[in-house]
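Engineer: Protein chains in written order, with the working numbering: chain C, 1 to 317; chain H, 318 to 522.
Just so you know, these hints were derived from the structure itself, not from any lab. Treat the hints with caution; some may be incorrect.
Covered stretches of chain H (chain C as the covering partner; in silico rule of three or more C-beta atoms under 8 Å from a C-beta of chain C) [said to hold, decoys possible]:
hint, region
1, 350 to 358
2, 410 to 418
3, 430 to 441
4, 484 to 493
Derived BS3-like pairs (lysine-lysine); straight-line CA-CA distance at most 27 Å [as the list claims (entries may be wrong)]:
hint, chain 1, residue 1, chain 2, residue 2
5, H, Lys359, C, Lys88
6, C, Lys157, C, Lys243
7, C, Lys293, H, Lys359
8, C, Lys315, H, Lys429
9, H, Lys366, C, Lys88
10, C, Lys293, H, Lys457
11, C, Lys184, C, Lys88
12, C, Lys184, C, Lys124
13, C, Lys314, H, Lys359
Quantities reported herein were computed from a predicted structural model and do not represent experimental measurements. In this text, a Cβ means the ideal position worked out from N, Cα and C, and glycines have one as well.
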Amino acid sequence: MLILPSSVRNNLKDNDVTPESLFYSRRKFIKSAGLLGSALIYSRNSYSSQANSAKFANLAQTHNIKEELTPFHDVTHYNNFYELGTGKADPAANARALQTSPWSIEVTGHCNKPGKLILEDILKPHTYEERIYRFRCVEAWSMVIPWAGFPLSSLLKRFEPTSKAKYVAFETIYDKKNPLPGQKRPTIRWPYREGLRIDEAMHPLTFMATGIYGKPLLNQNGAPLRLVVPWKYGFKSIKSIVKISFTEKQPPTSWNTLASREYGFYSNVNPEVSHPRWSQARERRIGELFKRKTLMFNGYEEQVASLYSGMNLKKYY
Amino acid sequence: MNRTVTRRHYKKAAVFGLLSLPAALLLYALLAQSLGTNPVEKLTHETGKWALICLCLSLAATPLRQLLRWVWLMQYRRMLGLFAFFYACLHLAVYWVFDQSLSFIYLWDDIKDRPYITMGFSAWLILLPLAITSTLAWRKRLGKNWLRLHRLSYAAVLIALLHYIWLIRADYSEVYPFAIAIAVLLGHRLVKQLQHRLYRPTQKA
Numbered sequence: 001m002l003i004l005p006s007s008v009r010n011n012l013k014d015n016d017v018t019p020e021s022l023f024y025s026r027r028k029f030i031k032s033a034g035l036l037g038s039a040l041i042y043s044r045n046s047y048s049s050q051a052n053s054a055k056f057a058n059l060a061q062t063h064n065i066k067e068e069l070t071p072f073h074d075v076t077h078y079n080n081f082y083e084l085g086t087g088k089a090d091p092a093a094n095a096r097a098l099q100t101s102p103w104s105i106e107v108t109g110h111c112n113k114p115g116k117l118i119l120e121d122i123l124k125p126h127t128y129e130e131r132i133y134r135f136r137c138v139e140a141w142s143m144v145i146p147w148a149g150f151p152l153s154s155l156l157k158r159f160e161p162t163s164k165a166k167y168v169a170f171e172t173i174y175d176k177k178n179p180l181p182g183q184k185r186p187t188i189r190w191p192y193r194e195g196l197r198i199d200e201a202m203h204p205l206t207f208m209a210t211g212i213y214g215k216p217l218l219n220q221n222g223a224p225l226r227l228v229v230p231w232k233y234g235f236k237s238i239k240s241i242v243k244i245s246f247t248e249k250q251p252p253t254s255w256n257t258l259a260s261r262e263y264g265f266y267s268n269v270n271p272e273v274s275h276p277r278w279s280q281a282r283e284r285r286i287g288e289l290f291k292r293k294t295l296m297f298n299g300y301e302e303q304v305a306s307l308y309s310g311m312n313l314k315k316y317y
Numbered sequence: 318m319n320r321t322v323t324r325r326h327y328k329k330a331a332v333f334g335l336l337s338l339p340a341a342l343l344l345y346a347l348l349a350q351s352l353g354t355n356p357v358e359k360l361t362h363e364t365g366k367w368a369l370i371c372l373c374l375s376l377a378a379t380p381l382r383q384l385l386r387w388v389w390l391m392q393y394r395r396m397l398g399l400f401a402f403f404y405a406c407l408h409l410a411v412y413w414v415f416d417q418s419l420s421f422i423y424l425w426d427d428i429k430d431r432p433y434i435t436m437g438f439s440a441w442l443i444l445l446p447l448a449i450t451s452t453l454a455w456r457k458r459l460g461k462n463w464l465r466l467h468r469l470s471y472a473a474v475l476i477a478l479l480h481y482i483w484l485i486r487a488d489y490s491e492v493y494p495f496a497i498a499i500a501v502l503l504g505h506r507l508v509k510q511l512q513h514r515l516y517r518p519t520q521k522a
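Starting from the given sequences, assemble the full structure and let the hints guide the process.
Structural biologist: If you want it as structure tokens, here you go:
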């Protein structure tokens, strides 16, 4: 895969991106027009690398939900990415501070094929899909986002985790000597860490996103590679990953370390487990004024509930 | 009406206009749909912040009169206090209407379950009788007790600050200016009180 220089990524403006209404209708058209049609349409694209854009276009659609997409501007200008600032608009404003090329990912722990891989080698073998997922923040707001990427399981299997690999831990970029704007203050202990149980990580819904809205992922959304776990609160979906480790014990995770009473390791979306700051019973879908009811496992109960059968979800929140 | 009275009226009208400005701008932004991605959150945060700012300003009148002889500030104290209550009411209303869907049950559950909401609502409850008794008639009726009652504003500002601190997830920097201002305003009163006791010892001592 061709990696765009970060300057090109960062310059992506609203009007470079297909409006969400067209996003759907064009998709239908592409399907009917076939390959030639799609090539013609994408030749309009102002990108120097059309191959890169095409990588995220005309993808197989799996696990999509039929709900209205959250507008591109909101998805890219209302973010929690404390590495780039704690305000919701900070990550977009400070996006340039994040250098995404060159990028490499270290894979360690209980697996047969550990190592340090450059991003190109991480991405190359995968078939891209598009997934339209609900995204539910622990702060009781939610979005509907079209991601592009591949299942996490297909990536993890390449490293051949051993039977000792009970958990997978992730880390976000952190360079002590050259911290990102938000990392200059110890709001949370850097680097940001997240983790999943191995069966959660291998679940078909668990996704590695490299694209959004049919384009490469923007820095404020966690470029070049981020996790998306749609049935958990958003903070579990760690951004800008530089390290993956297979562990035997449950790894420490950032928000859980900061306030364990508020943020559990599992952090599954659960309207019945109250949070000391936000009632999780209802949520505000971005674009709506009033709140709507939050669904168990963010509406993915049918697919994921079996992962937790027999577990007391009030205790393991 | 003599000239000084008219001038005072103009000044008061000007201060009234100035303090109304944030509300007017928010209303305009609401109608122009320029409040951003999460307009309800923006409205909640802004009205809360202005309630706290006005409360701090009203509490600054006395120390500034004593320290800098800014006697004129005293005539705006009531207006500042009432604006604090006005923004606190807007803050509560936005939260009740949009976050709690105008439901008393949701509202009560939230007050009960979430400590920072308990604090916020308590601060509003304290401000309520202070706003009611802010008139000259009530002041006369309550006599000495009026001042005692209105010292509850110290509790209100501290509880409001706690409400603010407890809702922050990790970044406390935005609350520092308020915490410092409130520490100074209440600290000044504490020092005055101690001086008063030291220089005018009671009979027993």
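Engineer: It remains to establish, for every hint, whether it holds in the given structure.
Structural biologist: Going through the hints against the structure:
Coverage of the region 350 to 358 of chain H by chain C holds [criterion: at least 3 residues with CB-CB distance below 8 Å; count 6]. Counting residues of the region 410 to 418 of chain H whose beta carbon lies closer than 8 Å to any beta carbon of chain C gives 3, which reaches the threshold of three, so the coverage claim holds. Using a Cβ-Cβ cut-off of 8 Å, 4 residues of the region 430 to 441 of chain H lie near chain C, which meets the minimum of three, so the contact claim holds. Counting residues of the region 484 to 493 of chain H whose CB lies closer than 8 Å to any CB of chain C gives 5, which reaches the minimum of 3, so the coverage claim holds.
Under the criterion of a C-alpha separation no larger than 27 Å, the hint pairing Lys359 (chain H) with Lys88 (chain C) is consistent with the structure, at around 11 Å. As the CA atoms of Lys157 (chain C) and Lys243 (chain C) are separated by approximately 16 Å, the hinted pair is consistent with the 27 Å bound. A hinted pair counts as satisfied when its Cα atoms are at most 27 Å apart, and Lys293 (chain C) with Lys359 (chain H) qualifies at roughly 21 Å. Taken as a hint, the Lys315 (chain C) and Lys429 (chain H) pair is honoured in the structure, with Cα atoms around 21 Å apart against an allowance of 27 Å.
In summary, the hint linking Lys366 (chain H) to Lys88 (chain C) is supported, as the alpha carbons are separated by about 17 Å, within the 27 Å threshold. For the proposed pair Lys293 (chain C) and Lys457 (chain H), the alpha carbon gap of about 51 Å is over 27 Å, so the pair is violated. About 18 Å separates the Cα atoms of Lys184 (chain C) and Lys88 (chain C), which keeps this hinted pair within 27 Å; it holds. With a CA separation close to 34 Å, the supplied pair Lys184 (chain C) and Lys124 (chain C) exceeds the 27 Å bound.
For the given pair, Lys314 (chain C) sits about 32 Å from Lys359 (chain H) by alpha-carbon distance, which is inconsistent with the 27 Å threshold.
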